[in-house]
Amino acid sequence: MAIAIITDSTAYLSTQFIHDHHNLFIAPVPVLWHGKTYTDMVDITPDTFYPELATSADMPSTSMPSLGTMTDLLDKAQEAGYDDVVIIPMSKGISSFADTLHELDDRTAPRVHLFDTNSTAGGNNLLVSLAVQLADEQFSINEVLQGLTTLRDSMTIEFVVKDLTHLQRTGRISNTARILGSLLHVCPVLTMDVHGNGKITPMAKERTERRALDDIQRIMNANTELPYAAVVFDGNHATAKARWVDQLKTKFPDLAIDTSFIGPAIGCHTGSGVLGIAWAYDAQAIINQLKAQH
Numbered sequence: 001m002a003i004a005i006i007t008d009s010t011a012y013l014s015t016q017f018i019h020d021h022h023n024l025f026i027a028p029v030p031v032l033w034h035g036k037t038y039t040d041m042v043d044i045t046p047d048t049f050y051p052e053l054a055t056s057a058d059m060p061s062t063s064m065p066s067l068g069t070m071t072d073l074l075d076k077a078q079e080a081g082y083d084d085v086v087i088i089p090m091s092k093g094i095s096s097f098a099d100t101l102h103e104l105d106d107r108t109a110p111r112v113h114l115f116d117t118n119s120t121a122g123g124n125n126l127l128v129s130l131a132v133q134l135a136d137e138q139f140s141i142n143e144v145l146q147g148l149t150t151l152r153d154s155m156t157i158e159f160v161v162k163d164l165t166h167l168q169r170t171g172r173i174s175n176t177a178r179i180l181g182s183l184l185h186v187c188p189v190l191t192m193d194v195h196g197n198g199k200i201t202p203m204a205k206e207r208t209e210r211r212a213l214d215d216i217q218r219i220m221n222a223n224t225e226l227p228y229a230a231v232v233f234d235g236n237h238a239t240a241k242a243r244w245v246d247q248l249k250t251k252f253p254d255l256a257i258d259t260s261f262i263g264p265a266i267g268c269h270t271g272s273g274v275l276g277i278a279w280a281y282d283a284q285a286i287i288n289q290l291k292a293q294h
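Sequential numbering from 1 applies to the sequence shown in UniProt numbering.
Quick caveat, the hints were computed from the structure, so don't treat them as lab data.
Heads up, a few of these hints could be off.
[Said to hold, decoys possible] If you anchor each label on the Cβ, the simulated ranges turn out as follows:
{"#": "1", "residue 1": "Asn142", "residue 2": "Asp72", "range": "22 to 30 Å"}
{"#": "2", "residue 1": "Ala292", "residue 2": "Val42", "range": "39 to 47 Å"}
{"#": "3", "residue 1": "Thr15", "residue 2": "Asp75", "range": "17 to 25 Å"}
{"#": "4", "residue 1": "His195", "residue 2": "Leu104", "range": "21 to 29 Å"}
[What the hints assert, rightly or not] Each computed DSSO-like pair below joins lysine-lysine, with the alpha-carbon atoms no more than 27 Å apart:
{"#": "5", "residue 1": "Lys162", "residue 2": "Lys205"}
{"#": "6", "residue 1": "Lys162", "residue 2": "Lys199"}
{"#": "7", "residue 1": "Lys251", "residue 2": "Lys205"}
Using N, Cα and C, we set each Cβ at its ideal position, and we do this for glycine too.
Using the sequences provided together with the hints, build the complete structure.
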C-alpha cells in the first residue's frame with residue numbers, strides 16, 4: 001500500500017528534498033503582516049522576511065493552514081494513488097493546528113494518520129525525512145508510525161534566541177511570568193518539551209551565545225551514546241550556524257549533521273538570530289531495527 005506524507009511548511013525542508021520526493025505534500029503556513037496574508041516559503045522567504053522584520057514597526061503573526069488546504073492535499077494524494085497519509089504537523093503545544101486536524105480522522109480515502117510530533121522546525125525536519133524514507137522503502141503504515149515514535153521519543157531540541165521578546169509577544173513561550181524579567185536581557189537557552197506537552201520552556205541563561213551553545217553541547221555529550229543524527233538550524237544567523245556545525249563535527253565526529261533554517265512562519269515568533277539543534281536516534285538505525293522485525 002502506498003503511503004504519502006503531509007507536513008506544514010515549518011519543517012523547513014530543502015527545496016531539493018521536496019522536489020525529489022513525490023509522496024511528500026507541504027501545507028504552507030499563512031503569515032499575516034502589513035494587512036496582507038503571505039504564504040510561508042512561497043511569497044515570503046527568509047531573504048525578504050528578516051530584513052523587513054528588523055525595520056518594521058508592524059509585527060507579523062501567523063495563522064494555520066486551513067482544513068480546505070488540507071483537504072485539497074488529501075485529494076491530491078488520493079488522485080496520485082496513495083492509500084494512507086501520515087500528517088506530521090507542528091507541535092500542538094505551540095499551535096492549535098494539530099487539534100483541528102482531528103476533523104479529518106474519519107476520512108477513509110486516503111486513510112489519515114495524525115502523528116503527534118511535540119516538535120517543529122529542525123525536529124519535524126528529522127521526522128519528515130524519516131517518514132519519507134520509510135514510505136519510499138515500502139514499510140507498512142504501522143511500521144512508519146512505529147519508526148516515527150522511536151525517533152520522537154529519542155529527540156531533544158535546544159535553541160538559543162537573542163531575547164524572548166517575540167516569543168513573549170506571540171504567546172509561544174510557557175510558564176515564564178516569574179522568570180521573564182531575568183531572561184530578557186541575557187542569551188536564553190530554550191527547549192521544546194518533546195516528551196511532554198510540546199511547549200517551549202527556558203532551561204538556562206547565559207551572558208553570551210558562545211556560553212549558551214556550550215551548555216547545549218554539554219547536554220549532547222551526555223545524551224549521544226547511541227547512533228544519533230542532528231539538524232542544526234538558524235534564523236538569519238547563517239555564519240554562526242556554519243561555525244557551530246564545524247565545532248560539532250570536531251567534538252562529535254560520529255554524529256550525522258544536516259542543516260536547516262527558521263523561515264518566516266516560525267521567525268514571527270522567535271525573531272532574528274536563532275541558533276539551535278534537534279538531535280535524535282539515527283534514521284538508518286531505526287530502519288535497521290524495523291527490518292530486523294521482518
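Consistency of the hints with the structure:
| no. | hint | verdict |
| --- | --- | --- |
| 1 | Asn142 with Asp72: 22 to 30 Å | holds (27 Å) |
| 2 | Ala292 with Val42: 39 to 47 Å | holds (41 Å) |
| 3 | Thr15 with Asp75: 17 to 25 Å | holds (24 Å) |
| 4 | His195 with Leu104: 21 to 29 Å | holds (26 Å) |
| 5 | Lys162 with Lys205 | holds (11 Å) |
| 6 | Lys162 with Lys199 | holds (19 Å) |
| 7 | Lys251 with Lys205 | holds (23 Å) |
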